[in-house]
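These protein sequence lines map, in sequence, to chains A and B.
Mapping to UniProt numbering: the first sequence position 384 is 384, numbers consecutive.
Mapping to UniProt numbering: the second sequence position 200 is 200, numbers consecutive.
The hints are simulated quantities; they were obtained by calculation from the structure and are not laboratory data.
Not one of these hints is a red herring.
Straight line, CA to CA, 27 Å or less: simulated BS3-like cross-link-like pairs of lysine-lysine:
id : chain 1 : residue 1 : chain 2 : residue 2
1  : B       : Lys336    : A       : Lys195
2  : B       : Lys347    : B       : Lys127
3  : B       : Lys310    : B       : Lys447
4  : B       : Lys428    : A       : Lys195
5  : B       : Lys229    : A       : Lys443
6  : B       : Lys428    : A       : Lys241
7  : B       : Lys383    : B       : Lys367
8  : B       : Lys447    : A       : Lys142
9  : A       : Lys426    : A       : Lys397
If you're wondering where the values come from, they're calculated on a predicted model, not measured in any experiment.
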Amino acid sequence: MSQSSNHPGFNQGCQNHSCYDQSCPLSYAMEQLRLAGFEKTQCSLSSDYRQELNVENGAITLLRSGSDRELYLSGIIDQKKASLSINDLSHDSIDSAVAELLLMAKGSEADDAYTIAPAQPTGVFSAGPQLADLEAMYDSLKAFLAHLKQNHPSIVMTECSLDYTRIHSRMVNSNGIDFTETRGNYNGSLMFNAKNDHDITSLNYTGFTTFTLDKPFHQFGSIEQLLRSSQAEFRAQPLPKKFTGDLIITPDAMDDFIGFLVGSVTDAPLIANISLYKDKLHEAVTSPCLTLKSLPLDSTMPNGYPFTSDGFQAENLTLLNNGVLESFLLTDYGARKTGLKKAVNEGGCMVLEPGEQTLADIIANTREGVILGRLSGGTPADKGDFSGVAKNSYYIKDGQIQFPLTETMVSGNMATLLRSIVAVSKDVVDFGDSCYPWLKATKVNFS
Amino acid sequence: MIIEVLQVMTVKDHPIPDLTNRPLYTELRLQENVRQTLQLMNGDVTSNSVETVSGVSARICDQGQWGFASLPEINDRSITQVLQEAGNNAAFLAHQQGGQSVRFPDQSFSVSKDFSSQQPAAPLEQKLAFLKTIDRYVQENCPGLESRIIRLHLETISKRVHTSTGSQGFTRIPRTILTVCLVTSNDQQEPVELLHIVSDCGDYQDVLTEPSSLYADIDKLYQQLLDKKEAVPASAGYKEVILDSELSGLLAHEAIGHPVEADLVLAGSVAAELQGEMVASPLVSMVDFAHSCDGKTLPVPVFIDDEGSKPEDAVLIDQGRLTSFMHNRYSAAQLKQPSSGNARAFKYFDEPLIRMRNTAILPGHDKLEAMIASIDDGYYLIKSNNGEADATAEFMFGITLGYEIKNGQLGRAIQDTTISGMAFDVLKTVTMVSDSLHWECSGYCGKKQDIPVACGGPAIKCKLHIGGE
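Isolated chain A (complex conformation) (with noise of 0.2 Å):
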């Protein structure tokens, strides 16, 4: 990634209103909005170039390419806000969506917390690839392929698709800011089971995000490990009977339990005073095995962000250190509402450090338990109770991996479960866009 600051020009034309691009459509939109009487405005422009070689059924049946952009406009007026984006960037789409928004906001209700990003130094980023490599993506996939039919004779793939992607963003408001960001990246995604003459086994799924087609399609993130699985998982068979134990998070796992105490963090949870940890600020909320960490701004991730949507730049920041709670992820809206402070970035690229025992070790440590590949379950109640169907699953027992599982329900609460961790692998899983360990919590129901 690379950063140059104190670019000249848009910002200063916009502060003193007297020299602005009229070609551009940003430039254009903040002058109209200006003129319309708006206080304070904030806008981006963006726009996505991608070209995708998608999968059906075992071979590669399309390509896709195009590119979308967003105009997005936002305005305060009388301390009322409406926001509104389009994609057609004339003038006349433009003029007709400032005249709209300007309804909006005095139709609306004043709210003295509505605001804009302070003046902050103009920067330039750029990260990743600028352009496509169609015929490394191709014979990549097609690699891909020719690996599944000799190594994974018995795997459906139900769905892949591997893009490219380049994402231009440019952020401007009334107070000078004036952020710019290209990034470009590649992103795999696929959906598979297994298939034989009398059976099939669940779907399964993982995707990942790279910068570069550095290596083989299949040994991205978990998907070698995942087709494995997939292969074994034809004996399936229900548990002997319900019991409590253990439970191994799979990394492909992780997101269902990491983000209930992600999402309980955020603005809607705290600003309607729902959230479990709206007074464990600084307080331990999880096992100190535990330390997570949003990184927009590690140049291994391959979507990670220079500045917040509400017109920050990012930060990183450590979510949960050794269990203790050292930030929430309000935006700077969500703060005034609160009274709380405004987080360093808005989530995501999220590494959960690795511990010191192997998956080996911890299954070998597991007397009665599952390792659970995915969780299928209803969304957790804000309280934390959580059930969901154990899917690409395996019942331990005595330390040893029995069979795989079939119609297995799992029961508990986040928040209890996540406070129960007692083992973190020294494996992880690098997805790209986070990085996961596994991890062992115990007095699960299982039924």
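Given the coordinates of chain A, work out where chain B should sit on it, guided by the hints.
Below, chain B without anything else, positioned relative to chain A:
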């Protein structure tokens, strides 16, 4: 350049080149999605936004290989460009891997349907006043709440589809969704939440007429919330239950609908080998309706699909027997079955996939009261927050509102839980089906892309696994 700006027209009006003389199978789609969101959280306007996304896309088949291209502009130049680029993309794959020419049926079909309101558009102030009236009613009549959210979501999709087989159509379908969310705390100071959603096809002014028409629903929601505040855990195990209409609709969509989408059938879903077999109780019939039922327009009407095919109702289960699948042109040709016109794309830059439309288990002849009275020890399950199904037909739904049934009487509310089962096994246990059919269209189905769908159903009595203690 000036002339072109003056000629910028709408999805409905823009001239389209004749595609019928093109040598390769070609689709062209002009589309605009407009979405408005208004939200009051504890009286504050926390969302007031409009999003408009429009553009043009083309899809071309060359030697069995597909190329797709899209641009965010609707003008002569962008139409020419996407046709060219889609052709290039198909040619790239054809060059790389060759293939065989695919001959699709030369079906041509024309239609134009505009469901825009005949009434003047409602200004923002009117919509906000509606939400504030609801919010005030909640404040005055629902004491002890920690939080209240009133959200209005309006979405209109305008599409124009032309194909080289001679099909052409224009549709404009608005959808209105109002959500009321109430949150209170239980004795342990833990949040307890319930939602009520009103959703239907139509513009705001046609669907939401009087706030007072929602007051009875809000009173019922509040009472259910108070019941849930005192909720007990469900007893985990294989139980006799009544799935109310929201859940039987979800069952129809997730657990049966997805496995009988022909692309998943071709991928080897469990339904692939069950066509013609008894897969459910003879009390169960299930249909994916194209646009109407009994002369009434359904919540997500599809009058022409995104491959220019005429949408037909797909009878999926007829009195317990699995009869047909949902198709696009390709899967119908592959399986030598009639096309049902289920190819749909969400935004202009999305390619059409096989998607459901209005999927429902058909009503029977039983009364809900009699169904409850027939259970000695089980559950009446009413609301869900999500659902998921597998290629094996194993499904899972999150339950956010349910009650115990003891000796034929409703008992205590149960805490949030999950139900699961093998869909066809569960449908074989159905012994009663209520005589009412309720539709809702509040959500999106996610299958590579989101898309609006409607689910419907009566209440059904069946057996399945429930999570809990």
